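As given, the protein sequences belong to chains A and B, one line each in that order. With our numbering, letter number 222 in the first sequence gets 590, and the count goes up by one each step, no holes. With our numbering, letter number 121 in the second sequence gets 200, and the count goes up by one each step, no holes.
No lab work stands behind these hints: they were computed from the structure. Since this is a predicted model, take the numbers as computed values, not measurements. Treat the hints with care, as some may be off.
[As the list claims (entries may be wrong)] Partial list, computed: chain B residues near chain A (C-beta under 10 Å):
no. : residue
1   : L104
2   : R105
3   : Q111
4   : L115
5   : E117
6   : R201
7   : E246
8   : G277
[Claimed, not checked] Negatives, chain B to chain A, calculated, CB over 12 Å:
no. : residue
9   : P120
10  : D121
11  : P217
12  : E263
13  : K291
Quick reminder that beta carbons are idealized off the backbone N, C-alpha and C, glycines included.
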Amino acid sequence: MVKLEEYIPIVGQSIIDDLKLLGEKLKGKVIQHVNSTAVGGGVAEILTRMVPVLKELGIETKWDVIKGGQQFFEVTKKFHNALHGRKEEITQNDFEVFLETSQKNIDELDTSADIVFVHDPQPIALINKRRDNKWIWRCHIDVSNPNQKVWDFLMDYIVKYDSAVFSAPSFSRQLGIRQFLISPSIDPLSDKNKSLSMEEVDAVLKKYAIKKDKPIITQISRFDRLKDPLGVISAYQQAKKYIDCQLILAGGTAVDDPEGAEVLHEVKARAKEDSDIHILLLPQNDIEVNALQRASDVIMQKSIREGFGLTVAEALWKGKPVVASNVGGIPLQIKHKYSGLLCHSVEGASFALKQLLSNPGYAKKLGENGREHIRNNFLITRHIKEYMLLFLSLYYKEDVVYL
Amino acid sequence: MPELTKAKEPFRFSTRLHLTELTGLRATNLSQLSDLMEKVPDSCIYHHTHRFLQQHQYLSPEPPNDFAYWVAEVLGEDELAEKLASIDTIQYADINSLRKDFIFAINDFLKDSPLAKLKFARSGEEFHFMKSMSFILPTGFIAYDLNDFAQMLKQITFDSLYFHIFEARLRLGRGKNDFSNWIEDSFGDKALADEISGLDPYTYTLEELRKKLIWIIKERIFG
């Protein structure tokens, strides 16, 4: 288990001292996180790493997971897609299934902590069990364009919370309760982000038969239309007319996702003629993702929609120049021409690729700026600090608080 | 080292940690931006004119505020963006006067450039008004003379430096930065206090500002 002290060489002693100061202010409070899964997914990943650190800071922290059957999770998956703006048929029966399971969790789960921190829509109805304690709803989803029927259903619960938390400003709307912006983060000590030796990186390239004889462009993401892998190939092909380079498209397997399999098929078909396009199916292998990012000359994230896009933070943390779409949380991570290049189209992405591949000094500078931007704003230590401030904010109404 | 005068009162360094609060208010064009700037609380104006200082350590001196950045990058109105970027924040004693000048600059520009009213941000690129919630905490750093003070300036966080130079002056309305106030009150050294308050901290990165302050103090100690 990672210890707080291990972050000192990365962020400095004073940042850790600040966390300890805040920990003192929260002594005696019991915090309870509630989400829908103990493993898999971004929320579980961050809680796995965060809860031990909060405990080390002296804050009594619990983590509970709600129970639900297959039907319930099918409904919440539909909610999730609908909140992302996808077309979904939501029936009255779906709402009934949701309410029935929610009631069971309300009956069974002890929510007597001082602060109950509910993550995402699945456990949202627990708020009906509220007593005189404080409640926070943390929305990890891009709700900039939600299905109105689902959003209205959730609003009945949201307004009962003390505060809501979103990952990007564009996800907020006027709610009638306080809402805060807290971006997600990466952990510099995790397998996905820790330093690797040149030998470790080379071993992964060798495993996938990728030579280092020409610049490498990489996009790490699941095979999903919203990540626009075909657009990535087009941008690469346009750049390749002028600069000989290779492309890695690497992402999770798509066994249980019919649409994913279809997208993968299309990507393979498009790439067939070109031996410089490497399509890699990586079954949740963080070290390999880390190595591929480190081996790359340019990282792309040409998403059409994006919750936050932590792959951008991962790439920037490795000092890599990034070409990414101006969507979701990406513009928080990249200021155009300062810490990366933002694009709106295949042509724009291709032009940015050519700029970076032709000007390694410029590319290096963007990468260096990007790394410092991530160090200051998107590491887990900042995330923990903001969560502790969020807990404290529940007890103060003013804008300037003297602790 | 020359013998140093002890301060009448020691300097107790504080730090300022902040949370960003969302308002749900958004502007898609210049008219809306100006209208909303009239209505939002001071904490919003403060947030959007100071956020860059802490979040972008490597960006100096531009872009100095979110308004200028949005007007340039999203609306492509470079002339107005330049005007907004050059509003000299250090000259303002309170946030409301700063707010008025931003609004004046936008409205003045719209008067002469009616076509600018027709420019709208693309979906997803609207200006989102946010505000800062500050938490001020004492740190363990306490300086009893100028040498202590210079040594501690090397060790304090950017948040602490930021608090005493920027937030104390403008947001908390203390007139000057905390360092100048302390030096003048505790040592009667008005020249040194004025030298520090004469800096335009908005044109430095926080690291450069730290170095500059240490250099000024050391010059005073060692001549």
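Verification of the supplied hints:
1. L104: Interface hint status for L104 of chain B: holds (7 Å vs cutoff 10 Å).
2. R105: 8 Å, holds
3. Q111: The hint is violated - Q111 of chain B has no Cβ within 10 Å of chain A, the shortest such distance being about 15 Å.
4. L115: Violated: closest Cβ of chain A sits about 12 Å from L115 of chain B, beyond 10 Å.
5. E117: 17 Å, violated
6. R201: 8 Å, holds
7. E246: With Cβ-Cβ at 8 Å, under 10 Å, it holds.
8. G277: This interface hint is violated because 27 Å lies over the 10 Å limit.
9. P120: 7 Å, violated
10. D121: At about 8 Å from chain A, D121 of chain B fails to clear the 12 Å cut-off, so the statement is violated.
11. P217: 8 Å, violated
12. E263: E263 of chain B is indeed farther than 12 Å from all Cβ atoms of chain A, at 23 Å.
13. K291: 20 Å, holds
Of the hints listed earlier, those the structure fails to meet are numbers 3, 4, 5, 8, 9, 10 and 11, in rising order.
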